[in-house]
Amino acid sequence: MKQNHAQIDTLLRDWSKRNAAAPEQLGRLQQAAREIIAAQPMAHKHPRQDHQAWRWCRYVLAGAASLAAALLIAINVRTAARPDRAKDISCSLMDERIPSRILADADIQSSAVLASAMQALFAHEWRWVAQSGGNIEISVAAPNEVVRENSARPVMVRLIMMTRPRGDEEWRTTWETDVLMHSEDFLDFQPDPAFANHLQLWVYPLGDGKLAVDTGIEIETPIRVATQIQNLICERNPVEILALSTDAADYRVMQAVVMLDVWEG
Amino acid sequence: MPEAKIFSRIASHYIKTIMTAPTDEQLVEGFKVTGDIRCFDALAERYVARIRAMIYPIVLNHADADDLTQETLLRIVRFLPRFQVKSKFSTWLYRIALNTTFDFLRGNHRRPSIALADEAIEGLPAAGASPFDALHDRDRDRLIAEAMASLSPCLRAAITMVAIQGMSPGEAAEAAGCLKATIYRRLHDARRRLRKSLKQSGILWS
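Residue numbers (my numbering), protein chains in the order written: chain A, -9 to 255; chain B, 116 to 321.
Derived from the structure by calculation, the hints contain no laboratory data.
Note that the structure is a prediction, hence the values are computed from the model and not measured.
Treat the hints with care, as some may be off.
[As the list claims (entries may be wrong)] Below, computed lysine-lysine pairings styled on DSS-like, alpha-carbon distance capped at 30 angstroms:
no.	chain 1	residue 1	chain 2	residue 2
1	A	200	B	147
2	A	7	B	295
3	B	311	B	295
All chains should be modelled from the sequences, with the hints used to inform the complete structure.
Set out below in structure tokens:
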């Protein structure tokens, strides 16, 4: 059996070598990518190439200043936060009257059950489930659609909009929506229009409970507003993705994300 | 001014480190801090062939593999700020290549077998190979590609990472974002299916 494995692996390696791109072709690919990168100041927000030494110094200075600022914030947060919430950076920076947890264990558990049920019913064909205000929307692949095996862990994203009239202290939840999806999938859909017109989500687990989350949301009620944000967050910890104040009220949109454990039946 | 001296030292350190002994992590850090495109060039130079060699066996189409390699390079630059030195750069990079490839396959509902006929015609004999050898290689390549096309993309990815790229199952699991056990299962499945197909087509005898 092992010999067979070795034979297959050797065949595949030789086949791959014969199908490798020529160095000139690889050079062209690299050059094309380089030109695109050089042409755009890039989404990664980095400065362009510049050979002048003072530029290097300026970037290093900026880096050092950011590092110093980050250290100061970290020290403040560490002294302010309880020891068991040392990672709770996003929470400690928010208004204290906004709940520091918007995802209860029971919510996570019921979402894990739902994700397991979706997995059992639709295998790799389910895409997302959105629950808002008692309505549930489910997206699955069309019957004739080719689907790939999706091994990415399901993830639950909760979005909450909170408002308070100007002058009031208490925040009130205006709407709440939960989305179950596969991590690493890019979601672009229209949830219940009573809450949001358009929602884009992408969650990428980075390990150690850290998640990269891209969110785009267009809200119609109670105020018309849209935002796109990229966050690096800790699992379960709520982050503020939108803060807005008008003469009449303050608005906050919070988000919390958790990776779900599902069982396969 | 002492501060200016310190910062100038840091800058020279960056430049010196990048010029003399650039590890992946130093190049990444250099690009993150300074945005110097030469750091990207060095990384791309180092990995472009491996990225393409990773993508081709999954999409089984040369033109798509080229496009996806380029897209992967662009995504790497886009996502570099999120890279944490804790993980190995090459594994992180393979993960991006895999995601780019799967996004493409899902978005296009692309069936690799469609491209196989054209791909077989496109292939040119290697320099110095006799016409008989070239024909033999081409036939064998077509049959191997057909056997690969019969696997699901996840199985193709697993066998590509471990058998072709020589990654350990642990590294492959990290790149694919799944458990090591899943990679073992996929490898077993992929090899079993490939063995059957390749035996049927006469490439494997024993």
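Hints, verified against the model:
Under the criterion of a C-alpha separation no larger than 30 angstroms, the hint pairing residue 200 (chain A) with residue 147 (chain B) is consistent with the structure, at around 20 angstroms. For the hint linking residue 7 (chain A) to residue 295 (chain B), the alpha-carbon distance of about 26 angstroms falls within 30 angstroms, and the restraint holds. For the hint linking residue 311 (chain B) to residue 295 (chain B), the alpha-carbon distance of about 24 angstroms falls within 30 angstroms, and the restraint holds.
In the structure shown, no violation is registered for any of the earlier numbered hints.
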